[in-house]
Amino acid sequence: MRKIKFTLIILFFITSSLGFSQTDMAVISLSDQNMLYTLYPNEVIIGNNGGYKDYKISSDNIKITKVKGTVNSYLLECEIEGNQQLYFIDKATKDTFDIITYRFEPMPLPELYYDFRRNGEKINYSYSVNLRVNYNESIPLIAKFDIIDWEISIPESPTIIKGNGFQLNDSATSFIKNAPVGSDIIIRCTYSYKGKLNKTSSIFKL
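Following my numbering, the numbering of the sequence shown begins with 9 at its first residue and continues without gaps.
Check the hints yourself; a few may be wrong.
[To be verified] Pair by pair, the computed Cβ-Cβ distance ranges are: (1) Asn186 - Asn80: 50 to 60 Å; (2) Tyr201 - Glu164: 32 to 42 Å; (3) Thr167 - Lys204: 27 to 37 Å.
[Said to hold, decoys possible] Straight-line Cα separation of at most 30 Å, DSS-like style, residue types lysine-lysine; simulated pairs: (4) Lys61 - Lys130; (5) Lys71 - Lys130; (6) Lys185 - Lys202; (7) Lys64 - Lys202; (8) Lys76 - Lys152; (9) Lys152 - Lys102; (10) Lys170 - Lys76; (11) Lys207 - Lys71; (12) Lys102 - Lys170; (13) Lys152 - Lys207; (14) Lys74 - Lys204; (15) Lys74 - Lys99; (16) Lys170 - Lys213; (17) Lys202 - Lys71; (18) Lys130 - Lys64; (19) Lys202 - Lys74; (20) Lys102 - Lys64; (21) Lys99 - Lys71; (22) Lys76 - Lys130; (23) Lys152 - Lys204; (24) Lys170 - Lys185; (25) Lys76 - Lys202; (26) Lys130 - Lys99; (27) Lys64 - Lys74; (28) Lys170 - Lys207; (29) Lys61 - Lys76; (30) Lys130 - Lys102; (31) Lys99 - Lys61; (32) Lys152 - Lys130; (33) Lys152 - Lys99; (34) Lys130 - Lys185; (35) Lys130 - Lys170; (36) Lys61 - Lys74; (37) Lys204 - Lys185; (38) Lys76 - Lys102; (39) Lys71 - Lys102; (40) Lys99 - Lys76.
For the record, the hints were derived by calculation from the structure and aren't laboratory data.
Treat the numbers as computed from the prediction; the structure is a model and nothing was measured.
We put the beta carbon where it would ideally sit given N, CA and C, even for glycine.
Model the full structure from these sequences, guided by the hints.
Right, dumping it as structure tokens:
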């Protein structure tokens, strides 16, 4: 019985793990380090140390893209949450000689910024009109989010100002200027990533 060994590195975790399979159809267990994100192009390095020189990688639900200019670097994208598998197939015999299981989970929620101000930070009356949705430095993912629509309110007033896109309109800036000093400015937005809509919000101190 041949022993097959694959080395995997999930790049955005900046870590590595070794997996060993004992049979021709073994599943390599990587504990939590096999967790990837749905919709996101997760870059992984899969090193074949088992001696197979002519093989292909396949999957039922994962889109697999070889990173140009690399030997064993791949982008894995999947729209479905849960466990998904990569199959390693010998091109000569058509046999599946190994399987790697990844668990796909939703991408973490990004933050809504008022220009460069984050949730909980203080703003003033003459601040920028720009909004953006992004990850902070604690989340090592690079993703571009589009703001579809937004709304602004304060606890002291029933008024809600709404708009579209990444910039506040004149009604919104006027609403902020007329808000009492010390108010919480609550901004909620709908954002899009690769066509999927989600919501996030932040509170800023005036």
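Evaluated hints:
1. Asn186 - Asn80: 50 to 60 Å: Given a distance of about 59 Å, which is inside 50 to 60 Å, the answer is holds.
2. Tyr201 - Glu164: 32 to 42 Å: Because 33 Å falls inside the window, the suggested range holds.
3. Thr167 - Lys204: 27 to 37 Å: 30 Å, holds
4. Lys61 - Lys130: 58 Å, violated
5. Lys71 - Lys130: 43 Å, violated
6. Lys185 - Lys202: Given pair lysine 185, lysine 202 is violated - Cα atoms ~35 Å apart, limit 30 Å.
7. Lys64 - Lys202: With Cα atoms ~28 Å apart, lysine 64 and lysine 202 stay inside 30 Å; holds.
8. Lys76 - Lys152: 22 Å, holds
9. Lys152 - Lys102: 39 Å, violated
10. Lys170 - Lys76: 44 Å, violated
11. Lys207 - Lys71: Holds, because 26 Å separates the two Cα atoms, which is no more than 30 Å.
12. Lys102 - Lys170: At roughly 58 Å apart (the allowed maximum being 30 Å), lysine 170 and lysine 102 break the hint.
13. Lys152 - Lys207: Measuring from Cα to Cα gives roughly 15 Å; hence the hint holds.
14. Lys74 - Lys204: 25 Å, holds
15. Lys74 - Lys99: Distance ~17 Å between lysine 74 and lysine 99 Cα, so the pair holds.
16. Lys170 - Lys213: Within the cut-off at roughly 19 Å; holds.
17. Lys202 - Lys71: Roughly 15 Å between the alpha carbons, so the hint for lysine 202 and lysine 71 holds.
18. Lys130 - Lys64: Violated, at roughly 54 Å.
19. Lys202 - Lys74: Since the Cα atoms of lysine 202 and lysine 74 sit roughly 20 Å apart, the hinted pair holds (cutoff 30 Å).
20. Lys102 - Lys64: Judged against 30 Å, a Cα distance of about 9 Å means the pair holds.
21. Lys99 - Lys71: 19 Å, holds
22. Lys76 - Lys130: Distance ~44 Å between lysine 76 and lysine 130 Cα, so the pair is violated.
23. Lys152 - Lys204: At roughly 12 Å apart (the allowed maximum being 30 Å), lysine 204 and lysine 152 satisfy the hint.
24. Lys170 - Lys185: 16 Å, holds
25. Lys76 - Lys202: It holds: about 22 Å lies between the C-alpha atoms, which stays within 30 Å.
26. Lys130 - Lys99: 60 Å, violated
27. Lys64 - Lys74: 11 Å, holds
28. Lys170 - Lys207: 14 Å, holds
29. Lys61 - Lys76: Holds, because 19 Å separates the two Cα atoms, which is no more than 30 Å.
30. Lys130 - Lys102: Not OK: lysine 130 and lysine 102 at ~62 Å, beyond 30 Å, violated.
31. Lys99 - Lys61: With a Cα-Cα distance of about 9 Å, the restraint between lysine 99 and lysine 61 holds, given a limit of 30 Å.
32. Lys152 - Lys130: 25 Å, holds
33. Lys152 - Lys99: 38 Å, violated
34. Lys130 - Lys185: The given pair, whose Cα atoms are some 14 Å apart, holds under the 30 Å limit.
35. Lys130 - Lys170: With a Cα-Cα distance of about 21 Å, the restraint between lysine 130 and lysine 170 holds, given a limit of 30 Å.
36. Lys61 - Lys74: 16 Å, holds
37. Lys204 - Lys185: Violated - the C-alpha atoms of lysine 185 and lysine 204 are around 34 Å apart, more than 30 Å.
38. Lys76 - Lys102: The given pair, whose Cα atoms are some 25 Å apart, holds under the 30 Å limit.
39. Lys71 - Lys102: 20 Å, holds
40. Lys99 - Lys76: Status holds; Cα separation ~21 Å.
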